[in-house]
Amino acid sequence: MSTTTKPVNQKAWLLVLPVIICVAFSAILPLMTVVNYSVQDIISPERRVFVGTEWFASVMRDEELHAALWRQLTFSLAVLAVEIPLGIALALSMPAQGWKASLVLVLVALSLLIPWNVVGTIWQIYGRADIGLLGAMLQKMGFDYSYTGNATHAWVTVLMMDVWHWTPLVALLCYAGLRSIPDAYYQAARIDGASKLAVFRYIQLPKMRGVLMIAVLLRFMDSFMIYTEPFVLTGGGPGNATTFLSQFLTQKAVGQFDLGPAAAFSLIYFLIILLLCFILYNWMQRVGTQEKEGVE
Amino acid sequence: MARIDLDLAHAYRPNPREDSDYALLPLTMSFRDGGAYALLGPSGCGKTTMLNVMSGLLVPSQGTVKFDGVDVTHATPQQRNIAQVFQFPVIYDTMTVAENLAFPLRNRKVPEDQIKKRVGEIAEMLDMSGQLNHRASGLAADAKQKISLGRGLVRPDVSAVLFDEPLTVIDPHLKWQLRRKLKQIHHELKLTLIYVTHDQVEALTFAEEVVVMTRGRAVQTGSADALFERPRHTFVGHFIGSPGMNFLPATVAGGAMLVAGRPLALPAGRAVPDGEIKLGVRPEYVVKTAPGDPAALPFTVTMVQDVGTHWMLTARIGEHTLKARLSPAARAPQVGEEVWLQVMGPHTCLYLNDELVDA
Amino acid sequence: MNTPNTPKFQARTLFLIAYILFALLPIYWMVNMSFKTNSEILSSFSFFPQEFTWNNYKTIFTDPSWYSGYINSLIYVAINTVISITVALPAAYAFSRYSFLGDKHVFFWLLTNRMTPPAVFLLPFFQLYTTVGLMDTHIAVALAHLLFNVPLAVWILEGFMSGIPREIDETAYIDGYSFPRFFVRIFLPLIKAGVGVAAFFCFMFSWVELLLARTLTSVNAKPIVATMTRTVSASGMDWATLAAAGVLTIVPGAIVIWFVRNYIAKGFAMGRV
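Protein chains in written order, with this note's numbering: chain A, 1 to 296; chain B, 1 to 359; chain C, 1 to 273.
Hints may be right or wrong, so weigh each one.
[Said to hold, decoys possible] Straight-line alpha carbon distances no greater than 30 Å define the calculated DSBU-like cross-link-like pairs of lysine-lysine that follow:
id	chain 1	residue 1	chain 2	residue 2
1	B	Lys183	A	Lys207
2	B	Lys116	B	Lys190
3	B	Lys278	B	Lys323
4	A	Lys207	A	Lys196
5	A	Lys196	B	Lys323
6	B	Lys66	B	Lys190
7	B	Lys183	B	Lys278
8	C	Lys104	A	Lys6
9	A	Lys100	C	Lys192
10	A	Lys6	A	Lys196
11	C	Lys192	A	Lys207
12	B	Lys66	B	Lys183
13	C	Lys104	A	Lys11
14	B	Lys288	B	Lys323
15	B	Lys117	A	Lys196
16	A	Lys6	C	Lys58
17	B	Lys181	B	Lys278
18	A	Lys207	B	Lys116
19	C	Lys192	A	Lys11
20	B	Lys278	A	Lys196
21	A	Lys196	A	Lys100
22	B	Lys66	B	Lys109
23	B	Lys109	A	Lys196
24	C	Lys104	C	Lys192
25	A	Lys207	B	Lys66
26	A	Lys207	C	Lys58
27	B	Lys109	B	Lys190
28	B	Lys116	B	Lys181
[Claimed, not checked] Partial list, derived from the structure: chain A residues whose beta carbon lies under 10 Å from chain C:
id	residue
29	Phe25
30	Thr152
31	Gly210
32	Phe270
33	Ile279
Since the hints were derived computationally from the structure, they do not count as laboratory data.
Don't be surprised by glycine CBs; every beta carbon is placed ideally from N, CA and C.
Full structure from sequences and hints, please.
Structure below.
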């Protein structure tokens, strides 16, 4: 939100009301249900017992949950580590105007528009040694590649799939940021004799700061909630090597039909994301203002 | 500090055929070393194109650019060692004022202590010594433009400083301060300065010589005085001055001149061509005279404005309008009144096909 | 603008080509497979179909259980995009132009709705929509997707709106425009690019979402994403039809982005991002 002074107008609430109604309907009502379940033991639809925070406690102690959480964190950090620099590099290499720009834009954005289960399916096929291009190539090169049998291979494949799928989001956002830099800045840099690295460091990167923040937040949140793609690709395996948090929750809720603990876990899941996002957001804001005040 | 010679044209397309295919029609021009020039003209006249050709951001489609006799047509701005100040301040947001100023020198690997010294000198000249350690991004627009300028000046061997309408985003009450500062710098450093603007006041106060341009053509180059007194083209007459020059169509035949069907005395001592010409006289030089004056014509007053220091009269003869500046001492004519205004005098210029007829 | 001789940055072009290859290869492979028969897929390995066949696509276009999936998806995605943009526009305007009680908090709360894993909402949604009798309808999925699309639309639109100077609003009021007329005739054209970008993202996220769409539908409104998960039969995985279906799910998205590409390029240049 912009920080320049805006006139106070409480009637503006009327403009916001439709949005609040829509989102409340989709969010608050269900959330209330979840909170409701999380503090009850639902033995059967008729018999419910209030158990307070018991589910929360047991969920927190759950060893399997810790493992899944750990796996999830590692995955999300790996995703950020690869997708952010790659996205920036891609944005820098995309043409700025002309028919080539449109063409590249469409080609790059293509992977974003594929339904997530199809993404999983594509890679499922792609990675198989018998019918897939990637699998066959790797086999020919001498790797004993199997994403169903080898946990590390599964990890790498899931990671590569996510990079393939979502890097364009980072790239498009950064591309947007780059487009907003007036030509004069590049011209002045040339006149000042700046090297390409200096141009990147002093002109392009600072101007991309806003969009990078959005990109980092979006990618972190989404990768933390990832479900469909790894589910379709590996089903969480081998074993539970690629069972991330969302799938873990779904298994508990749907598979075991244990609504109470599932609801409790849902809330905890949500709070974890909220907390991490909050920390991330504030840290990035602080870095931004630090650069504005202190001496570099 | 360099002398710049231009002998070029710039077309939008590879095979230009008509005038409209050119951004810059073929021209030859020289800017002497250490001179202060202004490129003046309305939007789209090609002045920014010319500036970019001089700075090296644009390569002309034909012709050459020479700095001190050396052909730099295909050299980069860096190689030409010019500095350019843009319409809006271009600064490096993440750096302090001092770091901004030091940047070009650092890129050239100048030793640190020399950099410090030079930055200090330039900051002093721009009255920014107290702000050296401030974040550049937090300053006002005029300070930022000074930094932009400073980055150009910090190189001791800068060949020329080019300005592209640099005061556009500056508050009006700060503009004159910056203009004065620019003149000061010119005086001290004796650099070649080339200033692009559409504001004639800026151009006329800043430059020693002004190049008036329109539609890709450099119409006239001269001092403010020359442009005012003897515009070589009706465009210059019209563009310079506020309000611009008045133009009255006249017909010359058989040794007599007729304006709107009325006779007017021919100027003494000047050869006047036959045919349809235009009479150009500035409002400042139109005086009210007695009826029947052979150098004057009868006009009907349509509007009288009290501008404080003088009267601004708008009057009509036939279907032509004329503006006249009358001294406040005289009685102001009434609307609808007939006045005789002297239009033929030593300051009057004659134009055939929009070009000045030399005496 | 032609520039003096700066050498083309070869590394940049090479990198771009390398990435595009990386991006297109899996898709090419799927397209390749979609023109083969199942037997050919399982028996041989080739870069081009040796027995080129349209059968897979024919199956999808003639079998109602397949093509209805596409139609259903398109319906609820369209409904959702329209609603999302319509309610987001006034809200984004409010956030951009005015300050009011709790504005920053509401804005942040909107964003948090994107932070909830859809899995969390599975059961509550199931119960909610069953209760109001909207199960297995297009509107149910459209409404459910509002959860994450409305905040995103508000976020994006607010950014673009903040880039328009307030003087334009004030001038319009002075000129006598009523608020609705001003909004439609003056303001909207200015943020056209922003609306394009927001609509694109709403379309995208709704089109690709699986979990909620599958949970809330069974037969009538079953989206294509759900249909595709049922291609296992007695003879094993129906790779060929699956591949063809996959290719067809990309097509609407590709069309949308082709039409919106100018808005995106321009919108990106204008947005406050």
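For the pair we were handed, B/Lys66 and B/Lys109, check the Cα-Cα distance against 30 Å.
-> holds (27 Å)
Given pair status - B/Lys181, B/Lys116, alpha carbons within 30 Å = It holds: about 22 Å lies between the C-alpha atoms, which stays within 30 Å.
30 Å Cα cutoff - pair A/Lys6, C/Lys58 | Violated: A/Lys6 and C/Lys58 sit about 58 Å apart, past 30 Å.
Satisfaction of hint between A/Lys11 and C/Lys104, Cα-Cα up to 30 Å | holds (16 Å)
Interface hint status, A/Phe270 versus chain C (Cβ within 10 Å) | Cβ of A/Phe270 sits 5 Å from chain C, so the hint holds.
Holds or violated: A/Thr152 as interface residue toward chain C, Cβ cutoff 10 Å?
-> violated (21 Å)
Satisfaction of the A/Phe25 interface hint, Cβ to chain C closer than 10 Å = Since the shortest Cβ distance to chain C is 7 Å, the answer is holds.
B/Lys109 paired with B/Lys190 [C-alpha distance capped at 30 Å] = holds (26 Å)
Given pair status - B/Lys190, B/Lys66, alpha carbons within 30 Å | Given that 30 Å is the threshold and the Cα spacing comes to 19 Å, the pair holds.
Taken at face value, is the distance from the CA of A/Lys100 to the CA of A/Lys196 at most 30 Å?
-> holds (23 Å)
Distance restraint between C/Lys192 and A/Lys11, which requires alpha-carbon spacing of 30 Å or less | holds (26 Å)
For the pair supplied as a hint, B/Lys117 and A/Lys196, confirm whether the alpha-carbon distance does not exceed 30 Å.
-> With Cα atoms ~27 Å apart, B/Lys117 and A/Lys196 stay inside 30 Å; holds.
Checked against the numbered hints given earlier, this structure breaks hints 1, 5, 7, 10, 16, 17, 20, 25, 26, 30, 33; the rest are met.
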